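Chemist: Let's have the full structure, built from the sequences with the hints guiding it.
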Amino acid sequence: MKPFDFYAPSTVEETLALLDQYQNSVALIAGGTDLTLELNERKASPAVVIDLKPVRELDYIRVENGRFRIGSMTTHASLAGNEMIRQHVRLLHDATRQVGSPQIRNLGTIGGNIAQSSVAGDGLAACVALNADVTLRSVRGERTMNINDFLTGEGVQKRNSLAADELLTEISFPVPDPKHTATAFYKLAKRKSLAISVIAGCLVVTVDDDGICTAASMRAGALGRYPMRFEGAEAYLVGKKLTYNTMLETLPMMHDQVLEANRSRPWSVFYKKEGVQGVFKKLFADVLGQLGLEEVQA
Amino acid sequence: MNKITVHCTVNHKPVVVETEPNKRLLDLLREDLGLTSVKEGCSEGECGACTVIFNGDPVTSCCMLAGQAEGADIITLEGISVDGKPDLVQQAYMESGAVQCGFCIPGMILVTEALLAKNPNPTREEAKQALSGNLCRCTGYTKIVDAVLLAAEKMRGEASR
Numbered sequence: 001m002k003p004f005d006f007y008a009p010s011t012v013e014e015t016l017a018l019l020d021q022y023q024n025s026v027a028l029i030a031g032g033t034d035l036t037l038e039l040n041e042r043k044a045s046p047a048v049v050i051d052l053k054p055v056r057e058l059d060y061i062r063v064e065n066g067r068f069r070i071g072s073m074t075t076h077a078s079l080a081g082n083e084m085i086r087q088h089v090r091l092l093h094d095a096t097r098q099v100g101s102p103q104i105r106n107l108g109t110i111g112g113n114i115a116q117s118s119v120a121g122d123g124l125a126a127c128v129a130l131n132a133d134v135t136l137r138s139v140r141g142e143r144t145m146n147i148n149d150f151l152t153g154e155g156v157q158k159r160n161s162l163a164a165d166e167l168l169t170e171i172s173f174p175v176p177d178p179k180h181t182a183t184a185f186y187k188l189a190k191r192k193s194l195a196i197s198v199i200a201g202c203l204v205v206t207v208d209d210d211g212i213c214t215a216a217s218m219r220a221g222a223l224g225r226y227p228m229r230f231e232g233a234e235a236y237l238v239g240k241k242l243t244y245n246t247m248l249e250t251l252p253m254m255h256d257q258v259l260e261a262n263r264s265r266p267w268s269v270f271y272k273k274e275g276v277q278g279v280f281k282k283l284f285a286d287v288l289g290q291l292g293l294e295e296v297q298a
Numbered sequence: 001m002n003k004i005t006v007h008c009t010v011n012h013k014p015v016v017v018e019t020e021p022n023k024r025l026l027d028l029l030r031e032d033l034g035l036t037s038v039k040e041g042c043s044e045g046e047c048g049a050c051t052v053i054f055n056g057d058p059v060t061s062c063c064m065l066a067g068q069a070e071g072a073d074i075i076t077l078e079g080i081s082v083d084g085k086p087d088l089v090q091q092a093y094m095e096s097g098a099v100q101c102g103f104c105i106p107g108m109i110l111v112t113e114a115l116l117a118k119n120p121n122p123t124r125e126e127a128k129q130a131l132s133g134n135l136c137r138c139t140g141y142t143k144i145v146d147a148v149l150l151a152a153e154k155m156r157g158e159a160s161r
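These protein sequences, in sequence, are chains A and B. Quick note on this note's numbering: the first sequence kicks off at 1 and runs consecutively. Quick note on this note's numbering: the second sequence kicks off at 1 and runs consecutively.
If you're looking for bench data, these hints aren't it; they were derived computationally from the structure. None of these values were measured; they are calculated from a predicted model. Hints are not guaranteed to be accurate.
Claimed, not checked - SDA-like, lysine to any residue: derived pairs with alpha carbons at most 25 Å apart:
no.: 1; chain 1: A; residue 1: 43; chain 2: B; residue 2: 3
no.: 2; chain 1: A; residue 1: 282; chain 2: A; residue 2: 251
no.: 3; chain 1: A; residue 1: 192; chain 2: B; residue 2: 33
Modeler: Structure, rendered in C-alpha cells:
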C-alpha cells in the first residue's frame with residue numbers, strides 16, 4: 001500500500017470540508033470491500049483516505065411522506081435484516097441478502113455499491129429498477145437526481161455524476177403499495193455465496209384492481225456498463241392483463257436486446273441471451289405469486 | 001504520511017497502538033499486536049480466513065484499514081479461550097473432527113461464536129448460511145456444520161458428551 005493520510009470525520013459537515021480541501025487526491029472508504037483491496041494491490045494510490053464509518057448520521061432506514069429514505073452508509077446486512085424492506089421491497093431485500101458473504105454484507109454499504117457503480121453491483125441494479133433518487137452533497141450545496149441521470153460518466157471517476165467534492169448521502173424511492181405493486185430480484189451466478197452476478201434480474205410491476213399492468217420496470221445488471229433497461233418489454237406489458245403467458249411473450253425481445261448489446265463481446269458471454277430469459281421467468285413467477293394473480297413453477 | 005494512533009478493545013483488553021495508516025486491520029492485528037490466529041488467505045474478502053468479530057459482527061479484516069479499528073471492540077481467536085483452555089465452540093470443533101489443516105478454523109470458530117451469540121439454536125441451514133463466507137480447502141463442510149450444531153447444544157447445556 002502506498003502512503004496516505006487517514007481521516008475519520010464523524011459528521012457530514014466535516015467530511016464535506018475535507019472533500020473540498022483535498023478534492024482529486026481523496027478516496028472515500030464506505031464499506032472498504034473494494035477500496036481496501038485496490039489500495040493493497042496499489043491499483044489506487046490516493047494522497048488522502050477518508051473513512052466514512054464514523055459518520056453515523058448516514059446510517060438509517062426511514063419512511064417519510066410515503067418514501068423510503070436510506071442513508072448511504074447503511075450496510076447490506078442492515079438492509080437485508082430490515083423488516084419493512086423485506087415486506088415492502090422484496091427486490092432490495094433479495095439483492096442485499098445475496099451480496100458477497102455475511103462478512104462482506106456486514107461491511108459493504110448501499111452507498112458504496114452505488115458510488116462504485118460496478119458493472120455487477122446488485123444494490124445498484126435494484127435501486128435503478130426502483131427508479132430511486134440519489135442525493136449528493138458538497139460544500140457548494142445539495143442536489144437530488146434520478147439514479148438514471150446519475151449513471152453517466154461525467155463525474156470525477158468517469159463512472160457516474162459524483163464530482164470530486166461530492167458525497168452520496170441518501171437513496172430514496174416511493175414505498176410500493178403492496179396490493180398493486182410487486183418487486184423481485186433474481187441473481188444468476190456461478191455459485192451460491194461469494195458470487196459476482198452474471199445476470200442480476202430486477203422486476204417491478206404495478207397492476208390496477210382488474211389486474212391490468214399499469215407500470216413495469218425491467219432491468220438487469222451485468223449485461224452492460226449500467227443496468228440494462230428492457231424498454232420494449234416494459235411497453236409491451238403496460239395496458240395488458242398481467243399473466244404468465246403475456247409476460248413470457250416479452251422473452252424474445254429480451255433475447256434480441258442482450259444479443260445486440262453483446263455483439264462486440266467475446267463469444268463466451270453469448271449464453272446471457274439465453275440466461276436472461278431463465279432469470280426473468282423466475283421473476284415473472286415471483287411477482288405473480290406476490291400479487292396473488294397466478295401460481296407458476298418457473 | 002502522518003502516523004495514526006488507534007484506540008480500541010482487543011480480546012477484552014484496551015489497546016492503544018501507534019501505526020501507519022497504509023495498513024489493513026489484518027496487518028495491524030498480526031504485525032503490531034502479534035495476533036497470528038488471524039490468517040491471510042485470499043486477501044480479497046473471499047475466503048474468510050482473516051475473519052474477526054468487530055463490534056459483534058464477523059468481518060473480513062483484509063477488507064478494512066487499520067485506522068477503522070478506532071473505538072471498536074475486536075475479538076480474535078486468542079480472545080475466545082477461557083483461562084487458556086478451549087471454550088465450548090473449540091471443544092465442539094475438536095470432538096466433531098472438524099479440523100484438518102486448521103488454516104480456516106480461526107475464521108470458522110469466530111463466525112460460529114458470532115452466530116451462537118445471536119441465535120443459540122440454529123438450524124443446519126442457518127449454520128451453513130452463517131459459514132457461507134468461509135472456505136475450507138482441505139475436505140468439506142459436513143463436520144464443520146456438525147461442530148456448530150454440537151457447540152450450540154453444549155452452550156444450551158444439552159450435550160450428553
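Chemist: Decide, hint by hint, whether the structure agrees.
Modeler: Each hint, compared with the structure:
no.: 1; hint: A:43 to B:3; result: holds (22 Å)
no.: 2; hint: A:282 to A:251; result: holds (12 Å)
no.: 3; hint: A:192 to B:33; result: violated (35 Å)
Hint 3 alone, counting from the list given before, is not met by this structure.
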